[in-house]
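Residue-level listing of the chains:
2 protein chains.
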Amino acid sequence: MNSTSQIFPQFQLELPQWIPDFLQQQPATFPTHEARMELVTTLSKLNIEQGTGGPFGAGIFRADTYQLVAPGVNLVMSSGSSITHAEIVAIMMAQQMLGSHDLGAAGFPPHELVTSCEPCAMCLGATCWSGVRHLVCGARGCDAEAIGFDEGPKPQDWRTALEQRGITVIVDIGRQKAAQVLKNYVEQNGEVYNSRQGTSE
Amino acid sequence: MNSTSQIFPQFQLELPQWIPDFLQQQPATFPTHEARMELVTTLSKLNIEQGTGGPFGAGIFRADTYQLVAPGVNLVMSSGSSITHAEIVAIMMAQQMLGSHDLGAAGFPPHELVTSCEPCAMCLGATCWSGVRHLVCGARGCDAEAIGFDEGPKPQDWRTALEQRGITVIVDIGRQKAAQVLKNYVEQNGEVYNSRQGTSE
Chain A
7 MNSTSQIFPQ FQLELPQWIP DFLQQQPATF PTHEARMELV TTLSKLNIEQ
57 GTGGPFGAGI FRADTYQLVA PGVNLVMSSG SSITHAEIVA IMMAQQMLGS
107 HDLGAAGFPP HELVTSCEPC AMCLGATCWS GVRHLVCGAR GCDAEAIGFD
157 EGPKPQDWRT ALEQRGITVI VDIGRQKAAQ VLKNYVEQNG EVYNSRQGTS
207 E
Chain B
7 MNSTSQIFPQ FQLELPQWIP DFLQQQPATF PTHEARMELV TTLSKLNIEQ
57 GTGGPFGAGI FRADTYQLVA PGVNLVMSSG SSITHAEIVA IMMAQQMLGS
107 HDLGAAGFPP HELVTSCEPC AMCLGATCWS GVRHLVCGAR GCDAEAIGFD
157 EGPKPQDWRT ALEQRGITVI VDIGRQKAAQ VLKNYVEQNG EVYNSRQGTS
207 E
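If you read the sequences in order, they're chains A and B. Taken in order, the first sequence gives residues 7 to 207; the numbers are from our numbering. Taken in order, the second sequence gives residues 7 to 207; the numbers are from our numbering.
Since the hints were derived computationally from the structure, they do not count as laboratory data. Treat the numbers as computed from the prediction; the structure is a model and nothing was measured. Heads up, some of the hints might be wrong.
It does not matter which identical chain is meant; a pair holds if it fits inside one copy or across any two.
[Stated by the list, open to error] List time: in silico SDA-like cross-link candidates among lysine to any residue, alpha-carbon distance up to 25 Å:
#1 Lys51 to Gln16
#2 Lys183 to Gly172
#3 Lys51 to Ser106
#4 Lys189 to Phe17
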């Protein structure tokens, strides 16, 4: 048996239990940008308080009925996976629930990704491939950078790049409140992981 | 019970069974860039032949012993998740096997990501956050674009952006062979998914 004959583990990801409990207390629909942002910003805040991850929340919503399809929170440290940013978790969950890799597939209503902070480079690409038709952002990338998170290699004109792929972009919805969650996180000595920022250590 | 009180499913991902079977026939180490690229290009080819996904393969290797830590293949259509590009799958698996969200954490050997095709925008960001110290690419992004895949919003100077984060980049290792797998895929009418490329449909 050589070194590569091992059996590879199954990757498993589930939302923290506090999320369905919390959502049970929420309304059935979130008719405004502000209401949807309020929900995902609260998720980002609760994610810190519950100790399940970094200060980021997201959600995939139906853009016709404004129902939440799937929430997401940053689970990087609790899941042991650098991939599990809030937006990625929301996209994975929504696609699993709908049984398709394409949330924009024929027969589906349009979907919107709402995120408490502008997507990093990885989540920007993931947004393009997810099939969502709308992106709504709270805090700006520079708000995350201000507390030490790296947004990664994003083109200056990333909003145009999304629009060119048929995805509308709205920024600064509830920015102040979403950015405050980031500030609180670092003030409470929350770990800013993966922030090598140009050093090799 | 309102619309958001549902229980969210667990996201599960496992490698196709042909991968451990195939790896059992492979050497214990892959000492050259070319040998490592040969392995991941073969994975990309077998992924088409076995019908488990798109024409992309990747692997995380130890950069000291040149052992394979975890392979990855594109599982977008078979897993129903647009996130599961070959590089993402390899990163997820390697981090799960090592029990850390950071392949560059103290106490680990340096790790290298080898991919049969330059990373798209999402996988470029994921590379930054993974903790790998080296990236080795086969086919170019333009080779994937030539058959209709979209590379997404990547900055022109993406290689510099990685180098600035302490990640070395080598391109064009076995490019011709890796690009041929892409050409064969589309000639055999393989599905080029998520290629809206500027249209809203």
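Here is how each hint holds up against the structure:
1. Proximity of Lys51 and Gln16 under a CA criterion of 25 Å is satisfied inter-copy only: 23 Å between copies versus 30 Å inside one chain copy.
2. For a Cα distance limit of 25 Å, the shortest separation of Lys183 from Gly172 qualifies neither inside one copy, at 28 Å, nor across copies, at 34 Å.
3. Taking CA atoms no more than 25 Å apart as the test, Lys51 paired with Ser106 passes between copies only; the shortest distance there is 24 Å, against 30 Å inside one copy.
4. In the homo-oligomer, the alpha carbons of Lys189 and Phe17 never lie at most 25 Å apart, since the shortest distance is 32 Å inside one protomer and 31 Å across protomers.
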